[in-house]
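Given these sequences and hints, build the entire structure.
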Amino acid sequence: MSNQAEAGYVVSHGRSKAFYERFERKSELQHQTHFCPGCGHGTVHKMLAQAIDELGIQDRTIMIGPVGCGVFTYYYFDVGNVQAAHGRAPAVATAMKRSRPESIVISYQGDGDLSAIGSAEILHAANRGEHISVIFVNNAIYSMTGGQFAPTTLLGQKSTTTPLGRSAKAEGYPLHISELLATLQAPVYIERVGLGDNKQVAQAARAVRRAVENQVRGLGFSLVEILSPCPTIWKMTPVESQHWVRDVMEKTFPLGVFCDRTREAQAQTAPAAAPPLERIPEILGVVGAAEPEFSATQARTAEVDLEVRIAGFGGQGVLLLGEVLAEAGLDAGLEVSWLPSYGPEMRSGTSNCHVRLSSAPIDSPLVSAPNMLIAMNEPSLRKFDASVRPGGWIIYNGDEFPPECMRKDVHVLAHPFTHLADELGDARACNMTMLGALLEIAGAVPQASIDAALHRLVRNPRWVELDERALERGRAVCRESMVEEVTR
Amino acid sequence: MTNTEKKDRGLLRIDTDECKGCGLCIEACPPKVIGLSERLNHYGYRTAVYAGHGCTGCGICFMVCPEPGAITVLRAVLPPSRQTSGLPHHDAEGASPCASN
Ligand code: SF4
Ligand code: SF4
Ligand code: SF4
Numbered sequence: 013m014s015n016q017a018e019a020g021y022v023v024s025h026g027r028s029k030a031f032y033e034r035f036e037r038k039s040e041l042q043h044q045t046h047f048c049p050g051c052g053h054g055t056v057h058k059m060l061a062q063a064i065d066e067l068g069i070q071d072r073t074i075m076i077g078p079v080g081c082g083v084f085t086y087y088y089f090d091v092g093n094v095q096a097a098h099g100r101a102p103a104v105a106t107a108m109k110r111s112r113p114e115s116i117v118i119s120y121q122g123d124g125d126l127s128a129i130g131s132a133e134i135l136h137a138a139n140r141g142e143h144i145s146v147i148f149v150n151n152a153i154y155s156m157t158g159g160q161f162a163p164t165t166l167l168g169q170k171s172t173t174t175p176l177g178r179s180a181k182a183e184g185y186p187l188h189i190s191e192l193l194a195t196l197q198a199p200v201y202i203e204r205v206g207l208g209d210n211k212q213v214a215q216a217a218r219a220v221r222r223a224v225e226n227q228v229r230g231l232g233f234s235l236v237e238i239l240s241p242c243p244t245i246w247k248m249t250p251v252e253s254q255h256w257v258r259d260v261m262e263k264t265f266p267l268g269v270f271c272d273r274t275r276e277a278q279a280q281t282a283p284a285a286a287p288p289l290e291r292i293p294e295i296l297g298v299v300g301a302a303e304p305e306f307s308a309t310q311a312r313t314a315e316v317d318l319e320v321r322i323a324g325f326g327g328q329g330v331l332l333l334g335e336v337l338a339e340a341g342l343d344a345g346l347e348v349s350w351l352p353s354y355g356p357e358m359r360s361g362t363s364n365c366h367v368r369l370s371s372a373p374i375d376s377p378l379v380s381a382p383n384m385l386i387a388m389n390e391p392s393l394r395k396f397d398a399s400v401r402p403g404g405w406i407i408y409n410g411d412e413f414p415p416e417c418m419r420k421d422v423h424v425l426a427h428p429f430t431h432l433a434d435e436l437g438d439a440r441a442c443n444m445t446m447l448g449a450l451l452e453i454a455g456a457v458p459q460a461s462i463d464a465a466l467h468r469l470v471r472n473p474r475w476v477e478l479d480e481r482a483l484e485r486g487r488a489v490c491r492e493s494m495v496e497e498v499t500r
Numbered sequence: 024m025t026n027t028e029k030k031d032r033g034l035l036r037i038d039t040d041e042c043k044g045c046g047l048c049i050e051a052c053p054p055k056v057i058g059l060s061e062r063l064n065h066y067g068y069r070t071a072v073y074a075g076h077g078c079t080g081c082g083i084c085f086m087v088c089p090e091p092g093a094i095t096v097l098r099a100v101l102p103p104s105r106q107t108s109g110l111p112h113h114d115a116e117g118a119s120p121c122a123s124n
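So the protein lines, in turn, are chains A and B. In terms of my numbering, the first sequence opens at residue 13 and continues consecutively. In terms of my numbering, the second sequence opens at residue 24 and continues consecutively.
Rather than coming from a laboratory, the hints here were simulated on the basis of the structure. Treat the hints with care, since some could be wrong.
Unchecked claim - Derived list of chain B stretches under chain A, where covered just means 3 residues or more per stretch with a C-beta under 8 Å from a C-beta of chain A:
1) 36 to 43
2) 80 to 86
Stated by the list, open to error - Computed footprint of chain B on chain A; a stretch qualifies when at least three of its residues, placed anywhere within it, have a C-beta under 8 Å from a C-beta of chain B:
3) 24 to 30
4) 245 to 251
These numbers come from a predicted model, not from an experiment. Every residue gets a Cβ at the ideal spot worked out from N, C-alpha and C, and that includes glycine.
If you want it as structure tokens, here you go:
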């Protein structure tokens, strides 16, 4: 069209600046979207881009893209972009908004993404009243993967996985996300709109803008659900599918505002930014607690490869024992891992943890074949004794080692460690007596590192003192029993 | 265009490379001044075409269109009633006033 014909006219509706000039998705089609002809996603993208333009927020907008047909937001919107794992956009948006409170964070999701795999994320983001804007494109089906039924699929609607039509009995009822979230106290604005005809489209554009504007005004969580045509999967022409939104879909998903607290909502100033990393020790109350000094890269000659399994009853200090060992290894400049094995046994019964100390990088923190087993009671011994590697050690807390657990190919140190701790003043120090024995056998970690670890992990000076004595007592018992073995 | 001819309030520009021929704008246009081309574009779509006159500049076609740049709607700078008054006017894009005016 020539300039001459356009003279006397100005552009009133044109390409938004919030879109990239070219969509560098592939070499062809750099000016078109990847959406099928007549797809509602494109229309919603345009509304969003227009809102960003009008509100003048392009430079501080972060778009969180979904998994699904809408995945390529980062190819289109010339804003900050993050593409989230399936369903997780609201969680990513939460992190973005909290760490960059001055940003305008828009979470864009389809119905497969938001209402199925991401139902937990959206529920809790809404319930926390995150200051984000959620654009929820609902076309009642999983489109990108070829038309499986979604939680939003209408009753009777056919899909590849409901070939006879969705039935309430087998697949449940269509999930009404807007109504559901509107029962929460935190959201400030939730509206469902459609793309079913001109009037609906105009209202949808207003709602999208409002959802974003609410965030600019600092009001809180906003969500717009948009009933949106998917001509391809619905197997209709674009115009037919537009009408289907209005004539069919809307019957199941009535349009309207489900929650509007924008008037009462106080414009909130951004939450306080997270404290800088340097302040974390102070906040956790661990300042001055002897920072690791790597005291002991001190003359470590032998290669270390300790794979330790520590097992006992909950409350026997199994996890702390492992922690002190790992922390000491860390202090000594070794590679370490500490993996607590939580289970229903946390309260009673056996609990255990895996600890590795190695001079080489550790491939896995799991210790399935330990070369050191600390068994703090008989059930724990019976659970793990067979897993000890030939040539390894079992350190057992008990008067006598059960004969049927005796193996020719492992060393055993059996001693009533609990009594030792009792003598020292508190039976709960049993774990440290056993650690003392282990350290005596392994010899891999310098005493200075153990002291440093103990001081970092045990806050009460009375306990530090007791634990130090317990460690020493355990070492001594170990030395004595070795002598016994030799002289016997 | 002559001085006596009434100037339309709006004008439609369609980028035939971007249009996917979905027909939503054709359905949406209140005065029905958009049609579908006989010719296929580069990508094999029939595309929307403007009838050439009758556009009111309402912008509805732009809003329903799913493609970012397929449609541009322009609006007359001056009210149509004053178009024949001979007052000089400029368009926003900086082109000189239409020579035939
Ligand atoms: S499959 Fe449906 S939702 Fe996906 S791009 Fe095509 S029309 Fe849009
Ligand atoms: S701006 Fe309005 S009148 Fe003009 S072509 Fe578009 S829909 Fe029709
Ligand atoms: S709505 Fe857009 S893509 Fe569809 S026919 Fe009209 S101009 Fe082309």
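Going through the hints against the structure:
Restraint check on the segment 36 to 43 of chain B versus chain A: 5 residues with Cβ-Cβ distances below 8 Å, three needed, restraint holds. Given a C-beta distance limit of less than 8 Å, the hint that chain A covers the segment 80 to 86 of chain B holds, as 5 residues qualify and 3 suffice. For the segment 24 to 30 of chain A, the proposed coverage by chain B is satisfied: 5 residues have a C-beta within less than 8 Å of a C-beta in that chain, meeting the threshold of three. Against chain B, the segment 245 to 251 of chain A contributes 3 residues with a C-beta closer than 8 Å to a partner C-beta. That satisfies the three-residue criterion, and the hint holds.
When held up to the earlier numbered hints, the structure conflicts with none and fits them all.
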